[in-house]
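Here is how the chains run, residue by residue.
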Amino acid sequence: MTLGRLRRLEEAVAPTRLSTTLESLRPRTFLEFYGVAVIVVIVAAIAAAPLIAPDPLAQDLTSSLAGSSAEHWLGTDNLGRDLWARILYGGRVSVVIGVFVLLTAGAVGVLYGAVSGYAGGMVDAVMMRIVDIFLSFPSIMLALLISAALGPTIRNVIIAIAAAWWPVYARLIRGQVIVVKEREFVTASRALGAGPMRNLLLTVLPNSFGVMKTIFVLDIGYAILAGSTLGFLGLGVSAPTPEWGYMIREALQYPTHWWFILSPGLALMLFVSAINFAGGIVTRSVHEDPGR
Amino acid sequence: MRWFVLRRLALAPLVLLGMTCITFFVSQLIPIDPVAAYLGGRGAAQSDAAEQAIIDALNARWGWDKPIPERYWIYLTNLAQGDMGESSHSARAVSTDLANVLPPTIELVVAALMVALVFGIPLGVFAAARRGGAWDAFFKVVSTLAISVPVFWLAIVGFTVFYGRLGWAAGPGQLDIFTRPPPDVTGMVTVDSILARRWDALFDTLHHLAFPALVLGLVIGFYFARVVRSEMVDALESDYVRTARGKGLRRRLVLYRHAFRNAVIPVITLSGLAFGSLLTGIIVVERVVGWPGLGSYAFTAATRLDLNALSGVVLVISLAYVLANLAVDLLYTVADPRVRDGMSS
Amino acid sequence: MKTPVAESRSEAASPGPDRPVLSVRDLDVTFRARSPVLAVRGVSYDLAAGEHVGLVGESGSGKSAGALALVRLLPDYADVSGTVMLDGADLLRLNERELRAVRGDQVGIVYQDPFSSLNPVLTIGKQLTEVLSKHKGLRARAARREAARLLETVGVPNAEERISDHPHQFSGGMRQRAVIAMAVAPRPALLIADEPTTALDVTVQAQILELLQELTSEHGTTMLLITHDLGVVAGVTQRLMVMYGGRIVEASTTEDVFARPAHPYTVALHRSLPRIDARQERLVTIEGQPPDPTRPIEGCPFAPRCPSRIDRCTVENPPLMTLPTARRATTAGWELPTISERDGNPVPGPASPHLTACWNPPLPEARSAGAGGAG
Numbered sequence: 025m026t027l028g029r030l031r032r033l034e035e036a037v038a039p040t041r042l043s044t045t046l047e048s049l050r051p052r053t054f055l056e057f058y059g060v061a062v063i064v065v066i067v068a069a070i071a072a073a074p075l076i077a078p079d080p081l082a083q084d085l086t087s088s089l090a091g092s093s094a095e096h097w098l099g100t101d102n103l104g105r106d107l108w109a110r111i112l113y114g115g116r117v118s119v120v121i122g123v124f125v126l127l128t129a130g131a132v133g134v135l136y137g138a139v140s141g142y143a144g145g146m147v148d149a150v151m152m153r154i155v156d157i158f159l160s161f162p163s164i165m166l167a168l169l170i171s172a173a174l175g176p177t178i179r180n181v182i183i184a185i186a187a188a189w190w191p192v193y194a195r196l197i198r199g200q201v202i203v204v205k206e207r208e209f210v211t212a213s214r215a216l217g218a219g220p221m222r223n224l225l226l227t228v229l230p231n232s233f234g235v236m237k238t239i240f241v242l243d244i245g246y247a248i249l250a251g252s253t254l255g256f257l258g259l260g261v262s263a264p265t266p267e268w269g270y271m272i273r274e275a276l277q278y279p280t281h282w283w284f285i286l287s288p289g290l291a292l293m294l295f296v297s298a299i300n301f302a303g304g305i306v307t308r309s310v311h312e313d314p315g316r
Numbered sequence: 023m024r025w026f027v028l029r030r031l032a033l034a035p036l037v038l039l040g041m042t043c044i045t046f047f048v049s050q051l052i053p054i055d056p057v058a059a060y061l062g063g064r065g066a067a068q069s070d071a072a073e074q075a076i077i078d079a080l081n082a083r084w085g086w087d088k089p090i091p092e093r094y095w096i097y098l099t100n101l102a103q104g105d106m107g108e109s110s111h112s113a114r115a116v117s118t119d120l121a122n123v124l125p126p127t128i129e130l131v132v133a134a135l136m137v138a139l140v141f142g143i144p145l146g147v148f149a150a151a152r153r154g155g156a157w158d159a160f161f162k163v164v165s166t167l168a169i170s171v172p173v174f175w176l177a178i179v180g181f182t183v184f185y186g187r188l189g190w191a192a193g194p195g196q197l198d199i200f201t202r203p204p205p206d207v208t209g210m211v212t213v214d215s216i217l218a219r220r221w222d223a224l225f226d227t228l229h230h231l232a233f234p235a236l237v238l239g240l241v242i243g244f245y246f247a248r249v250v251r252s253e254m255v256d257a258l259e260s261d262y263v264r265t266a267r268g269k270g271l272r273r274r275l276v277l278y279r280h281a282f283r284n285a286v287i288p289v290i291t292l293s294g295l296a297f298g299s300l301l302t303g304i305i306v307v308e309r310v311v312g313w314p315g316l317g318s319y320a321f322t323a324a325t326r327l328d329l330n331a332l333s334g335v336v337l338v339i340s341l342a343y344v345l346a347n348l349a350v351d352l353l354y355t356v357a358d359p360r361v362r363d364g365m366s367s
Numbered sequence: 096m097k098t099p100v101a102e103s104r105s106e107a108a109s110p111g112p113d114r115p116v117l118s119v120r121d122l123d124v125t126f127r128a129r130s131p132v133l134a135v136r137g138v139s140y141d142l143a144a145g146e147h148v149g150l151v152g153e154s155g156s157g158k159s160a161g162a163l164a165l166v167r168l169l170p171d172y173a174d175v176s177g178t179v180m181l182d183g184a185d186l187l188r189l190n191e192r193e194l195r196a197v198r199g200d201q202v203g204i205v206y207q208d209p210f211s212s213l214n215p216v217l218t219i220g221k222q223l224t225e226v227l228s229k230h231k232g233l234r235a236r237a238a239r240r241e242a243a244r245l246l247e248t249v250g251v252p253n254a255e256e257r258i259s260d261h262p263h264q265f266s267g268g269m270r271q272r273a274v275i276a277m278a279v280a281p282r283p284a285l286l287i288a289d290e291p292t293t294a295l296d297v298t299v300q301a302q303i304l305e306l307l308q309e310l311t312s313e314h315g316t317t318m319l320l321i322t323h324d325l326g327v328v329a330g331v332t333q334r335l336m337v338m339y340g341g342r343i344v345e346a347s348t349t350e351d352v353f354a355r356p357a358h359p360y361t362v363a364l365h366r367s368l369p370r371i372d373a374r375q376e377r378l379v380t381i382e383g384q385p386p387d388p389t390r391p392i393e394g395c396p397f398a399p400r401c402p403s404r405i406d407r408c409t410v411e412n413p414p415l416m417t418l419p420t421a422r423r424a425t426t427a428g429w430e431l432p433t434i435s436e437r438d439g440n441p442v443p444g445p446a447s448p449h450l451t452a453c454w455n456p457p458l459p460e461a462r463s464a465g466a467g468g469a470g
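Residue numbers (this note's numbering), protein chains in the order written: chain A, 25 to 316; chain B, 23 to 367; chain C, 96 to 470.
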């Protein structure tokens, strides 16, 4: 208890409010800087893809599986398509999947969890058993099944992964809501006559987001990985659209053409690890070593 | 303790029922007529009457003409008898297929889990004991890369290098083509080899098992290590560790008797979740190294959009996951005296 | 009654009691952080054999950090400097191995929170016997018997059975008794009790204090009792050291601190204490904030909040209040700091506040009070 208090001294003497929030979101270690920098570069590159890369769908069978050249920086795939372009456009798919899975699963999970936690009693018990059932699948299995049933489009991949992920958020938010609900200020606002809905939206939810932001950032990376896993299984985004996981699947047939197999995998690793490194910025306050 | 365990056990069937519910309704999502899809797979070129007979037979078996709740009931009763339908790509009962592919996967899961535990836990303790130092920083970088890499890609690259280039890893399959397989008893070549005292086959199959087990085991091991490290850091900064240090105990005792005994409790819980990532890894890695297990089967089923086979795989894996987590919960109650005495639930 | 201890920055000038058990000089504790926290700023004192000394201060005054720093039990990011002499050895310069021989053997510690300071997954018996096997070389059977005996001694009923219980099966008071048993098991020369009653029910507090008193008196153990609560130390200690802003601002006999507080901070602290024996005046809170632990302090740490402040206080740290100074100050008729109230707020005392006891030079025959904690 004493040590914890000593450790919190630093926070106690720091300035408060918005400035602190912005201050705490500044990268501090080398790895955090690295992560943020890589994310910025990758996002800029995939945004500018039409300017800096050729058509990712243009086939040229005469130069298939070619190595690096001035024309094709990263070489070409089995259909002679430019790998550099396909990596960039594939990145777009990954970002879209990552962001939209989080938004969808986040929205559903937060609402569900908030209602469950706020309602309490039997409603809460039943709603949480349903969550338990969803959580008893390894998430990718559920996504795989849904994606197979719905068919391979970006929208369906997002739905499939989000369907597998929302229960985690629901569980988390519910736990938070229950804690926050009991705090005095909610009781106070209830005493002042605020209705349940108003309470939920204005008081309970904003205070429950603390834990969520951490998980959100890291989960973008895992959503991207999950999307690529579906792609690799052939259940992701449909064929001509470039997608990193599906590119790896295609490259599986050509293991000796190393540039073909290396580039999508490295792109995935670079991007996801950058998100994880940068994620340290938000996790730091929650679960990291003291300021070193 | 009893209460906690009983609650868990009581919940398990409910969870299983819920799972079948989800797999069933997901299979109802398919926007096409199941009968047509089924027949389409066979190239229905017979007479209308014959076709109608088949449709009737299918409807009788699966109740495809019945309303959804009734179909779910039929699905459940079939499932209860081990009938998961037929695989459209192997044209065999899914349950037969699963019985064939399950044993090799069990071998791989066990081997990979052993690698993960033996490698991951000491690594996490090591990093926590040196927190803030150079080794810890190195660990942070490498482990972050390890959890950021798509495991199927790592397997492909590794297999290309270690099998294709260096020849250290064994080729696809469970045995070399020149090795006479041991008599099939359990379906697990390692166990069968031991039963038949075929040491050459055992050695050969272990050689084949080594690469996929190492790839999966190391990746999952890094995941374990991160959890262990984080829990250990918390434990090492706790008051009771300070008390232990204040007693003048040796560093090793403080680390293992006091900190690790506490840190391992959340690790047990998380290992149940890690088991899920391991099963996911199986799906993608088996195909890469040609291991004839559940993963290769699922890969083909996914490629052919063989929904019966796919939901069979999902059910089996989820069942394994539920059982593993149940086991983890039981282990947890043993490890934590507070739970054991029913203080918290 | 023990001889009071004077303070000094220099070893030579330290008269000390008849051979101190513990001798602390210029102890500094800094927590490394973005803005380093100066928890303890140059603290010096001696403890004589068998005496019970209270270290009093509000939270954040550095009292706990200063006490745990003696045996280097602070986290890695704490820098500790100075000297801590115990039994001829400087604890701050021992290597890990030598330090381990001191911890738990010569120095026992009772921690603030018995709910977190015991290991939840090990039995009470295990946590007791490990001290015994480490420092007394007892084997399993003997250690267990001794552990049961110790538990019995500290007042745990059914010790024989309860020895195989886990901490969560003990109540808060029982846990603290177990912690005390661990601390006193090897008969340490020094017992550090870091807010031992803060986390406990009021009804249990007195029992725990009595137990500590009893055990330390019985074995002639020196006790350093850390607390924020003047009420706790009143009956247990012979001497008191009052900490403020990482420094000791007053060191006196307990009797004197209560009867004739000398430093304005002690006076204020005193007035914030509810009393049942005296006519209940209004409790006075101390206006203002304790000093920012991340900033160096110029002058007296209490100066910004001090009602008797004079200009000199803000640039120079007054000499430490020790018993001779304070007592002689009063006997010589000097003004001690006083605080009067207007509308419940403390206001500066008499019209000429500058000649408070803080700046009164000690009488020539009094011991040099030095400049303890200056800078």
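Honestly, the hints are just simulated from the structure, not real lab data. None of the values given here were measured: they were computed from a predicted structure. Note that the Cβ used here is the ideal one computed from N, Cα and C, for glycine as well. Where hints are given, some of them may not hold.
Said to hold, decoys possible - Interface residues of chain A toward chain B, partial, derived using beta-carbon atoms under 8 angstroms:
#, residue
1, I157
2, L249
3, L292
Status of each hint after checking the structure:
This hint holds: I157/A has a C-beta 3 angstroms from the nearest C-beta of chain B, less than the 8 angstroms allowed. The beta carbon of L249/A is positioned within 8 angstroms of a beta carbon in chain B (closest approach about 6 angstroms), and the interface hint is therefore held. Against a cut-off of 8 angstroms between C-beta atoms, the interface hint on L292/A holds, since the closest Cβ of chain B lies about 5 angstroms away.
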